[in-house]
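Asker: Each chain, letter by letter, is given below.
Protein chains: 2
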Amino acid sequence: MDSSGVKALIFDVFGTVVDWRTSITRQGQEFGKANGLKADWEAFADSWRSKYRPYMDKVRSGELPWTNLDALHRMALEDVLGEFEIHGLSEETKAEFNLAWHRLDGWPDSAPGLWRLKRRFILAPMSNGNVALMTNMGKYAGLPWDCILGAELARHYKPDPESYQTAVDLLGLKPHQVMMVAAHQGDLLSAQKVGLKSAFVPRPMERGPNNKPDPTPDPSFDVVASNFVDLADQLES
Amino acid sequence: MDSSGVKALIFDVFGTVVDWRTSITRQGQEFGKANGLKADWEAFADSWRSKYRPYMDKVRSGELPWTNLDALHRMALEDVLGEFEIHGLSEETKAEFNLAWHRLDGWPDSAPGLWRLKRRFILAPMSNGNVALMTNMGKYAGLPWDCILGAELARHYKPDPESYQTAVDLLGLKPHQVMMVAAHQGDLLSAQKVGLKSAFVPRPMERGPNNKPDPTPDPSFDVVASNFVDLADQLES
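Chains as they are written, first to last, in our numbering: chain A, 1 to 237; chain B, 1 to 237.
No lab work stands behind these hints, which were simulated from the structure alone.
Keep in mind that a hint or two might mislead.
Note that identical chains are pooled: a pair holds if it fits in a single copy or bridges any two copies.
Calculated lysine-lysine pairs in the BS3-like style (CA-CA distance at most 30 Å, straight line) [as the list claims (entries may be wrong)]: (1) Lys118 to Lys139; (2) Lys51 to Lys139; (3) Lys193 to Lys174; (4) Lys193 to Lys7; (5) Lys174 to Lys212.
Whole structure, please, built from the sequences with the hints as guidance.
Answerer: Right, dumping it as structure tokens:
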């Protein structure tokens with residue numbers, strides 16, 4: 001595509017930039033060892049993640065007032081610990097484990113690709129994760145963001161149009177000057193409705209080897225790239 | 001001081017991190033050359049900057065609705081052009097010149113000091129400048145921010161307490177875990193009232209050689225440093 005009018009790339013993060021499943025599973029194993037707990041930590045990670053959308057939808061529907069993702073993760077953790085029959089942990093121990101979401105590793109191409117893209121574009125996360133979560137993760141995983149955008153600044157979770165529009169407004173740009181990058185087609189289709197450009201970067205291993213998503217990209221996407229280095233190649237960055 | 005509890009440093013920017021006067025003067029000279037205009041561009045820079053506070057106070061008092069700094073700079077530019085009897089410029093030319101504030105150079109120690117401080121602390125601007133302005137300036141001047149905070153995210157200009165409190169909240173920290181760094185004592189005293197730590201870094205040349213501020217630091221400041229490299233030394237970073 002002709003990307004000469006694009007000034008900023010904004011990224012979905014969980015799954016697109018970082019491998020949450022492997023990272024949460026590993027931290028679960030460490031947490032289990034430190035606290036003398038046994039569990040299927042891969043299943044634990046999947047369960048924790050699965051509660052993200054229903055909790056978020058309670059905020060989107062107005063059933064819950066604005067609540068940031070750290071706090072939603074903390075509520076969901078309580079549910080998952082119950083499911084796995086893990087009881088008696090201190091509040092401090094649970095609060096610290098909840099920060100596992102701040103310590104997720106990038107896919108191998110994420111940081112190298114972002115460093116190349118950064119030479120030409122403004123780069124920002126456009127995640128449902130809150131500012132502190134994204135800031136800490138950026139430092140942990142070496143992600144060279146130029147600024148942190150996302151749902152918390154709009155007080156609207158994706159895919160509400162306000163979430164994308166607020167990012168565009170804070171950048172001082174027009175929607176067509178901003179490209180959304182995501183591994184999730186619904187996220188891109190929602191961003192397109194606000195006028196953003198779209199780049200699809202499938203991450204087939206996000207949910208593990210037995211749960212691969214349909215890889216067929218919607219024909220409306222401006223770019224389809226196999227990873228962030230390929231994205232930099234295609235955007236001549 | 002014992003800085004072991006400090007997690008984030010947030011910075012005043014205009015004057016503290018960047019040398020706005022030299023940068024605006026230089027861009028004024030270039031603007032004059034490109035448009036066949038003669039003026040005392042140092043006086044022009046001083047006049048433009050002098051209108052910043054009265055316009056901001058109109059927002060703080062409620063006389064103007066929330067208006068970001070790019071828009072206030074644009075209103076002030078109109079006034080300054082009138083004062084200097086510069087007429088007939090196109091809207092596009094004026095809008096482009098207004099972005100001069102996005103292209104300010106750091107003091108010589110700013111980027112090297114920030115890179116050292118970044119190893120240990122979260123670094124963010126806490127400026128009255130808007131997110132786009134700070135993001136573009138960060139890229140232009142090579143300032144390695146971890147996230148962009150500031151008045152626009154609170155919709156309250158400094159020194160309103162909401163401006164500092166919003167930064168602390170978005171970082172997910174307590175006020176005593178955040179240190180405000182500024183060349184302006186009033187900014188630090190206002191941040192202290194919200195519970196933040198304070199580091200004074202005087203910039204005697206901010207307003208030029210003939211307009212040096214009183215260098216005596218208020219005894220309440222936690223740190224007084226001669227520049228950002230000295231600040232990194234004192235914070236053992």
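Asker: Hint by hint, note whether the structure agrees.
Answerer: Here's how the hints hold up against the structure:
no. : hint             : verdict
1   : Lys118 to Lys139 : both (16 Å within a copy, 9 Å between copies)
2   : Lys51 to Lys139  : within (26 Å within a copy, 37 Å between copies)
3   : Lys193 to Lys174 : within (13 Å within a copy, 38 Å between copies)
4   : Lys193 to Lys7   : within (19 Å within a copy, 39 Å between copies)
5   : Lys174 to Lys212 : neither (35 Å within a copy, 41 Å between copies)
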